[in-house]
Structures are given as C-alpha cells and as structure tokens.
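Chemist: Sequence:
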Amino acid sequence: METGWDKSREIMSYIENCVRLCWLFSIQDPPMKLLWPEEGSDFHEHFKVYSKHGKKVHFTVWPALYLNENGPLLSKGIVQPY
Numbered sequence: 816m817e818t819g820w821d822k823s824r825e826i827m828s829y830i831e832n833c834v835r836l837c838w839l840f841s842i843q844d845p846p847m848k849l850l851w852p853e854e855g856s857d858f859h860e861h862f863k864v865y866s867k868h869g870k871k872v873h874f875t876v877w878p879a880l881y882l883n884e885n886g887p888l889l890s891k892g893i894v895q896p897y
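Going left to right, the sequence shown walks through residues 816 to 897 as the working numbering numbers them.
Just so you know, the hints here were simulated from the structure itself, not pulled from any lab data.
It is possible that part of the hints are untrue.
Calculated lysine-lysine pairs in the BS3-like style (CA-CA distance at most 27 Å, straight line) [said to hold, decoys possible]:
hint	residue 1	residue 2
1	K871	K891
2	K891	K848
3	K848	K870
4	K870	K891
5	K863	K891
6	K867	K891
7	K863	K848
Restraint ranges, calculated between C-beta atoms of paired labels, are given here [claimed, not checked]:
hint	residue 1	residue 2	range
8	I830	V876	12 to 20 Å
9	D857	G819	36 to 44 Å
10	G819	Q843	29 to 37 Å
11	S856	P887	19 to 27 Å
12	C837	I893	12 to 20 Å
13	K822	L888	34 to 42 Å
14	R824	P845	33 to 41 Å
15	E884	V834	19 to 27 Å
16	S823	L850	27 to 35 Å
In this text, a Cβ means the ideal position worked out from N, Cα and C, and glycines have one as well.
Sequences are here, hints too, so could you generate the full structure?
Modeler: As structure tokens, this is what we get:
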C-alpha cells in the first residue's frame with residue numbers, strides 16, 4: 816500500500832536525520848539516554864507541559880535527553896498531562 820509520504824524528499828530527509836541523530840546518541844561512551852514517560856506515570860520536573868496542566872502523563876510530545884543512563888539532564892522533555 817502506497818501512502819505517499821515515502822515519496823517526499825523532505826520527509827525522507829527528516830527520517831534519515833532522526834536515525835542519524837539516534838545513532839550518534841547510541842555510539843557515545845556511555846550512550847546518551849532518551850526518556851519517554853509511560854502514560855499514567857507521575858509528572859515531574861524533567862518535563863514541561865504541552866497545553867494542559869495536570870499530575871499524570873497522558874502522552875509524550877518530546878522525550879527528555881540525558882547525558883547518559885544516570886547522568887545529568889541536557890534537555891527537558893514535553894508531555895501532555897491530564
């Protein structure tokens with residue numbers, strides 16, 4: 816089934832850059848860490864709210880980025896709480 820998105824140069828370039836960035840995260844020593852909180856987990860200070868305020872995560876808009884597994888926070892994530 817053809818969807819058309821795979822024929823867009825811009826979308827394919829975006830996907831290739833995402834894959835390249837994830838690859839660079841993974842080959843660091845130690846590897847960088849992306850955190851996607853699970854739906855229903857508690858909202859905490861490593862995330863900013865998207866458009867609503869709340870105490871529990873509904874979905875992740877953008878993951879948080881850490882220098883490594885137990886390292887410092889490099890960039891806060893964005894979540895939609897409920």
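Chemist: Could you run down the list of hints and mark each one as holding or not?
Modeler: Hints, one by one, checked against the model:
1. K871 with K891: Cα-Cα ~16 Å, so holds.
2. K891 with K848: holds, 12 Å
3. K848 with K870: Distance of about 24 Å is within 27 Å: holds.
4. K870 with K891: With Cα atoms ~17 Å apart, K870 and K891 stay inside 27 Å; holds.
5. K863 with K891: Holds, at roughly 7 Å.
6. K867 with K891: holds, 17 Å
7. K863 with K848: holds, 18 Å
8. I830 with V876: 12 to 20 Å: Check passed, 18 Å falls within 12 to 20 Å.
9. D857 with G819: 36 to 44 Å: Holds, at about 40 Å.
10. G819 with Q843: 29 to 37 Å: Since G819 and Q843 have Cβ atoms about 35 Å apart, the given range 29 to 37 Å holds.
11. S856 with P887: 19 to 27 Å: The hinted range 19 to 27 Å holds for S856 and P887, with Cβ atoms some 21 Å apart.
12. C837 with I893: 12 to 20 Å: Holds: the Cβ-Cβ distance is about 18 Å, inside 12 to 20 Å.
13. K822 with L888: 34 to 42 Å: holds, 38 Å
14. R824 with P845: 33 to 41 Å: holds, 35 Å
15. E884 with V834: 19 to 27 Å: holds, 21 Å
16. S823 with L850: 27 to 35 Å: holds, 30 Å
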